[in-house]
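So the chains spell out like this:
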Amino acid sequence: MNPAELLPLPVVLPVSGAVLAPLAARLHRRLPLIVGLVALLAALAVLIYQATRIYRGDGRILTYFFSNERPVHGQSLGIAFVADPFGITFALLVAGIGSLLLLSALSELGHLGPRELGGLACLMQLLLAALIGAGLTGDSVNLFVWFEVAALASYGLTGFFLERPIALEAAFKNLVLTSMAGFAVFTAAAMLYATSGALNLGQLQRAGPGTPPRAQLVAIALLVAGFATKAGLMPFHAWLPDAHTPVPGAVSALFSALMVGLGVLALARYGLLVFAHVHALLHLLTALGVVSAVLGALLALVQDDLKRLLAWDTVSQTGVLVAGFASRTADGVTGGVLHLVSHGLFKALLFLCAGAVVHATGVTHLRDMGGLARTRPLLAAGFTVGCLAIAGVPPLNGYASLGLIHEGLDDQPVVLVLAVAAQIVTIAALGRAAYLGFYRRRSEPYEHLEPSRLGMRISLTVLGAGCLASGVLAPQIVSQAAGPAAALLLHPESYASAALSAAGGRVPASGVHFAYWEPKTLLLSVGELVAGIALMVTVLRVPSASRPLQWLRRAHTGSVNDYAAYAAAGFVIAAGALLA
Amino acid sequence: MIVGNYLAAAVLFCLGLACVLGRRNLIKIVMGLSLMESSTYLLLVSLAYRNKATAPVLADRPGHTSERDLVHGNVADPVLQNFCITAVVIGVAVTAVFLTVVVRVAQHYRSTDADDIRELRG
Amino acid sequence: MTGRRPDRCRAPDAGHDRRGPRPDERWHRPWLVAVLAGATLAVLAVAAFGLPHGTGPLPQLARHAMRIALPRWGTTEAVSEVVYGSRGWDTFGETFLLLAAVVAVSLLARGREARSEYVGEASAGRTEQGEADPDEGVDSEESEAREAEHGEEETAQSAAEDADDDPLGEPGPERAVGMTVLVRVGARVAAPILTVAAVYLAAWGYTPGGGFPAGAALAGVAVLLYAALGHRAVRTVVRPSVLEPLELLGAAAIVALGVVGMIRRSAFGENWLPLAPQQTIRAGGTLQLFSAAELIEVATGLTIAIFALLGMRHDWTPDEDDDSASPALETHEGQS
Numbered sequence: 003m004n005p006a007e008l009l010p011l012p013v014v015l016p017v018s019g020a021v022l023a024p025l026a027a028r029l030h031r032r033l034p035l036i037v038g039l040v041a042l043l044a045a046l047a048v049l050i051y052q053a054t055r056i057y058r059g060d061g062r063i064l065t066y067f068f069s070n071e072r073p074v075h076g077q078s079l080g081i082a083f084v085a086d087p088f089g090i091t092f093a094l095l096v097a098g099i100g101s102l103l104l105l106s107a108l109s110e111l112g113h114l115g116p117r118e119l120g121g122l123a124c125l126m127q128l129l130l131a132a133l134i135g136a137g138l139t140g141d142s143v144n145l146f147v148w149f150e151v152a153a154l155a156s157y158g159l160t161g162f163f164l165e166r167p168i169a170l171e172a173a174f175k176n177l178v179l180t181s182m183a184g185f186a187v188f189t190a191a192a193m194l195y196a197t198s199g200a201l202n203l204g205q206l207q208r209a210g211p212g213t214p215p216r217a218q219l220v221a222i223a224l225l226v227a228g229f230a231t232k233a234g235l236m237p238f239h240a241w242l243p244d245a246h247t248p249v250p251g252a253v254s255a256l257f258s259a260l261m262v263g264l265g266v267l268a269l270a271r272y273g274l275l276v277f278a279h280v281h282a283l284l285h286l287l288t289a290l291g292v293v294s295a296v297l298g299a300l301l302a303l304v305q306d307d308l309k310r311l312l313a314w315d316t317v318s319q320t321g322v323l324v325a326g327f328a329s330r331t332a333d334g335v336t337g338g339v340l341h342l343v344s345h346g347l348f349k350a351l352l353f354l355c356a357g358a359v360v361h362a363t364g365v366t367h368l369r370d371m372g373g374l375a376r377t378r379p380l381l382a383a384g385f386t387v388g389c390l391a392i393a394g395v396p397p398l399n400g401y402a403s404l405g406l407i408h409e410g411l412d413d414q415p416v417v418l419v420l421a422v423a424a425q426i427v428t429i430a431a432l433g434r435a436a437y438l439g440f441y442r443r444r445s446e447p448y449e450h451l452e453p454s455r456l457g458m459r460i461s462l463t464v465l466g467a468g469c470l471a472s473g474v475l476a477p478q479i480v481s482q483a484a485g486p487a488a489a490l491l492l493h494p495e496s497y498a499s500a501a502l503s504a505a506g507g508r509v510p511a512s513g514v515h516f517a518y519w520e521p522k523t524l525l526l527s528v529g530e531l532v533a534g535i536a537l538m539v540t541v542l543r544v545p546s547a548s549r550p551l552q553w554l555r556r557a558h559t560g561s562v563n564d565y566a567a568y569a570a571a572g573f574v575i576a577a578g579a580l581l582a
Numbered sequence: 007m008i009v010g011n012y013l014a015a016a017v018l019f020c021l022g023l024a025c026v027l028g029r030r031n032l033i034k035i036v037m038g039l040s041l042m043e044s045s046t047y048l049l050l051v052s053l054a055y056r057n058k059a060t061a062p063v064l065a066d067r068p069g070h071t072s073e074r075d076l077v078h079g080n081v082a083d084p085v086l087q088n089f090c091i092t093a094v095v096i097g098v099a100v101t102a103v104f105l106t107v108v109v110r111v112a113q114h115y116r117s118t119d120a121d122d123i124r125e126l127r128g
Numbered sequence: 044m045t046g047r048r049p050d051r052c053r054a055p056d057a058g059h060d061r062r063g064p065r066p067d068e069r070w071h072r073p074w075l076v077a078v079l080a081g082a083t084l085a086v087l088a089v090a091a092f093g094l095p096h097g098t099g100p101l102p103q104l105a106r107h108a109m110r111i112a113l114p115r116w117g118t119t120e121a122v123s124e125v126v127y128g129s130r131g132w133d134t135f136g137e138t139f140l141l142l143a144a145v146v147a148v149s150l151l152a153r154g155r156e157a158r159s160e161y162v163g164e165a166s167a168g169r170t171e172q173g174e175a176d177p178d179e180g181v182d183s184e185e186s187e188a189r190e191a192e193h194g195e196e197e198t199a200q201s202a203a204e205d206a207d208d209d210p211l212g213e214p215g216p217e218r219a220v221g222m223t224v225l226v227r228v229g230a231r232v233a234a235p236i237l238t239v240a241a242v243y244l245a246a247w248g249y250t251p252g253g254g255f256p257a258g259a260a261l262a263g264v265a266v267l268l269y270a271a272l273g274h275r276a277v278r279t280v281v282r283p284s285v286l287e288p289l290e291l292l293g294a295a296a297i298v299a300l301g302v303v304g305m306i307r308r309s310a311f312g313e314n315w316l317p318l319a320p321q322q323t324i325r326a327g328g329t330l331q332l333f334s335a336a337e338l339i340e341v342a343t344g345l346t347i348a349i350f351a352l353l354g355m356r357h358d359w360t361p362d363e364d365d366d367s368a369s370p371a372l373e374t375h376e377g378q379s
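Top line first, the protein sequences correspond to chains R, W and D. All residue numbers for the first sequence refer to our numbering, where the first residue is 3 and numbers rise by one. All residue numbers for the second sequence refer to our numbering, where the first residue is 7 and numbers rise by one. All residue numbers for the third sequence refer to our numbering, where the first residue is 44 and numbers rise by one.
No lab work stands behind these hints: they were computed from the structure. Incorrect hints may appear among the rest.
Among the chain D residues that face chain W by a calculated CB cut under 8 Å, a handful are [as the list claims (entries may be wrong)]: (1) TRP70; (2) HIS71; (3) VAL76; (4) LEU104; (5) ALA105; (6) MET109; (7) VAL125; (8) ASP208; (9) LEU272; (10) TRP315; (11) LEU316; (12) ILE324; (13) THR360.
Bear in mind that the values here come from a model prediction, so they are computed numbers and not experimental data. We treat Cβ as the ideally placed atom computed from N, Cα and C, and that holds for glycine.
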């Protein structure tokens, strides 16, 4: 069958798995795992088949119109799935990592009751299906619908462990902020339709050369507010550390590695493809990105709860990603696409390890942890590989992706300096976590220390191997996948013509090459590493070194009213920046 | 003057936002979000309106209009009305989950004051 | 036994100090709220003045939807055509959004199930519960609620079938399971009429209506019967083990409809049924089937969500005086 005709399947398959999961759970508790794995692996197979057409040297963009509602005179009422290299990369990432996370979740938590397992499997698969749908779609309202499906699945997953009060508290904060984001995106899509008559992203791109009218600028500000909330950009980020802490390990991996990618993907599509001519938008995104990168890393440095530390690091990495995309240079955008993949891999690995520690021992705070390198070598090894990947140590994947992003920020020196500073602080924060959690000696043995299950061990090994492989093969990934993705993102007209034609389109050629041992990249990486380790040792030896950061901690009061106020202030600032 | 509707929707949205920002009782925060939802419904239906238009339904037509008159004539926008149905369903779904979470939070923290529910901070 | 029960059960009025407003009645940073709400209003007003005034022509997409409603989909209702036809993929997403919400509600409202092994998060949870409210004890409202839950499960037989058995003028709340004979007869008359009206809304698809409002109306009928007749009368039908498979069946039917379209007509969601004459019950082809499946899914889903909310217990927050750390293994009457 023509690969374009199979485009609904990567979404329909996990959805069917989700529908079957609660029924399967009633029959036998292992059944939801099997059903879910089959569905996700089948979706992955379809995506790989399509990727062979998209990633080839003369790659194609596959387009599919639902209900056969094709465009008429450049106007499309029907919903288009436009599988471009960027979208298919994200979809592959989601399907691949998603199947590993489903495996580890349902095997690690396999002894829970049938209702809990059925619900967990159903919601995880709906979330994964929504993320795949959002990656492939080319329609503004359809993107919103998948955003909302992902949001609702995340509400149920956040409150999963009902015996933890903080889980319910986090679910409430997630609900308030993400609902506000949903309203913002929806209003924006309606306003864009009313002012330009377009729902298809390609049609929106064509409708608006020149300065958009004020109503459209407010709509863009609403879009930024909405998707930045999902992505975790400051100042819309405050729900994220709370929501990623009390959830099961695989679910927090799903949130941090994949769900924030939805926000970043949407911002990249709107910023680079649809509204590329609105320069204020890219400056705004860069500013939000670097602020998130720096402040997120600083807050990660002073955390005591292991998963909260990793969640603050997610805020920081999202900032780096958005800064890379908003730089609008070939290197920067390529680096952004590659870092989306790298971040997915190493963040999932880190969160799985952290979740396994909490699940096995019941200990959540770093001050009570330690000594796990001896008793749980696989978890320690996984965590260490993740830390090295974030630190940008070759040959792991962080080296290539961060190197490309830093190259792309070359012509914005202030931004580059801040990004490098954020990286140094990140290295210190993660190093501190690894030392306190795993390598430091613990005086007494743990009260409980459950063994890891086979599914979890398989997932950790595959993810670790993935980090290594995507690092070693980075030049090939850049030339085959990330480069073409960036090339298309920087040629909005090619995307628009593909999105409005049932025959699809062609991917423009990409000129980005990643030279592994280029001296500048290597030197920068080594310099960051040295500075990061120095900072880490300072923070560990001198406890009062982190006192200046207490004001940042106190700004996150924990009150949902304050977090909503930050988000509202962020929207007003974004609107001001765009309307000015 | 449909601009009046748009301004009313904006005022309603900001009233809901004021509830979410300023009220500490959890149920009042949920009500504030409900208000914000309702303002989006008003906005969407007002955006669909055209002056002196009729409903985009081809059955039970008014007066002596034929189907052709309606298809090419002055009707309100069916696409935005589709969005409104979508928004209503989302609103119902989200409010249901919200209320369940509020009950569970109140069971654990024995309070519905947002200032008592601040275990996760910093 | 701690023997502290008299101290910890506070008297009903002890927490309500009448000298000032209660803490959660005061505004939180009112000046900031005013500034932010005002600024947002200003931004949205700027947008409002830029939106179309109703004098402009209809967008091409809307005109296209009107034009193809009859020839391509055979329906006279353009909004239904857009919802279930041309933009049916959005409605597909909607359906699963509602499914996600219903599963989330039933997951959050679940009763406690036995866990066969150690779960680290559970012991972390117990520590956190201790930290969450160290000074507050069980107050009178909560202990009344817990007693009511106990009463529901064990000795439901002792409550009267209908309110007519309670003598007039008795102080205290009504304890009967159902309402008086007037209410019950009224509900029994209204319910079939409302059910028929709801099914009519979905079945006559060539006029405004469709599966969503019809499903909501049916869920309303279920709640009406529950309120009037009591739980014992409806629990044979309104049970998660009956409604959940029905809901999943509705969702599966929607997936199947799209997939059949994909196989037979090479586009997901394309109409694969022959078009019936205009303004008949079968007009619209797969639009009608989609609407009917949506009706089942929405009605059962909303009913599950409402009854899950009603059936929530205090399972997950152990009573202060209850020292057992293991979860309750009893089966709950209303939660099979």
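Taking the hints in turn, this is what the structure says about them:
1. Annotation: TRP70/D was flagged as interfacial toward chain W, and the flag holds, the nearest CB pair being 5 Å apart, inside 8 Å.
2. Hint status for HIS71/D relative to chain W: holds, with the closest Cβ pair at about 5 Å, below 8 Å.
3. Hint on VAL76/D holds. Least Cβ distance to chain W is approximately 4 Å, under the 8 Å limit.
4. Restraint check, LEU104/D versus chain W: the minimum CB separation of about 6 Å is within 8 Å; hint holds.
5. A least Cβ separation of about 5 Å between ALA105/D and chain W falls short of the 8 Å threshold, and the interface hint therefore holds.
6. A cut of 8 Å between beta carbons decides the hint on MET109/D: the least distance to chain W is about 5 Å, and the hint holds.
7. The closest approach between the C-beta of VAL125/D and any C-beta of chain W is roughly 4 Å, which is under the 8 Å cut-off, so the hint is satisfied.
8. Given hint, ASP208/D at the interface with chain W, is violated; its Cβ is 31 Å from that chain's nearest Cβ, farther than 8 Å.
9. A hinted interface residue such as LEU272/D counts as satisfied when its beta carbon comes closer than 8 Å to some beta carbon of chain W; here the least separation is about 23 Å, so the hint is violated.
10. Proximity of TRP315/D to chain W is violated relative to the hint, the smallest CB-CB distance being about 22 Å (cut-off 8 Å).
11. Nearest Cβ of chain W to the Cβ of LEU316/D: about 20 Å, over the 8 Å cut. The hint is violated.
12. The beta carbon of ILE324/D comes no nearer than 13 Å to any beta carbon in chain W, farther than 8 Å, and the hint placing it at the interface is violated.
13. Look at THR360/D: its Cβ gets to within about 5 Å of chain W, closer than 8 Å, so that hint holds up.
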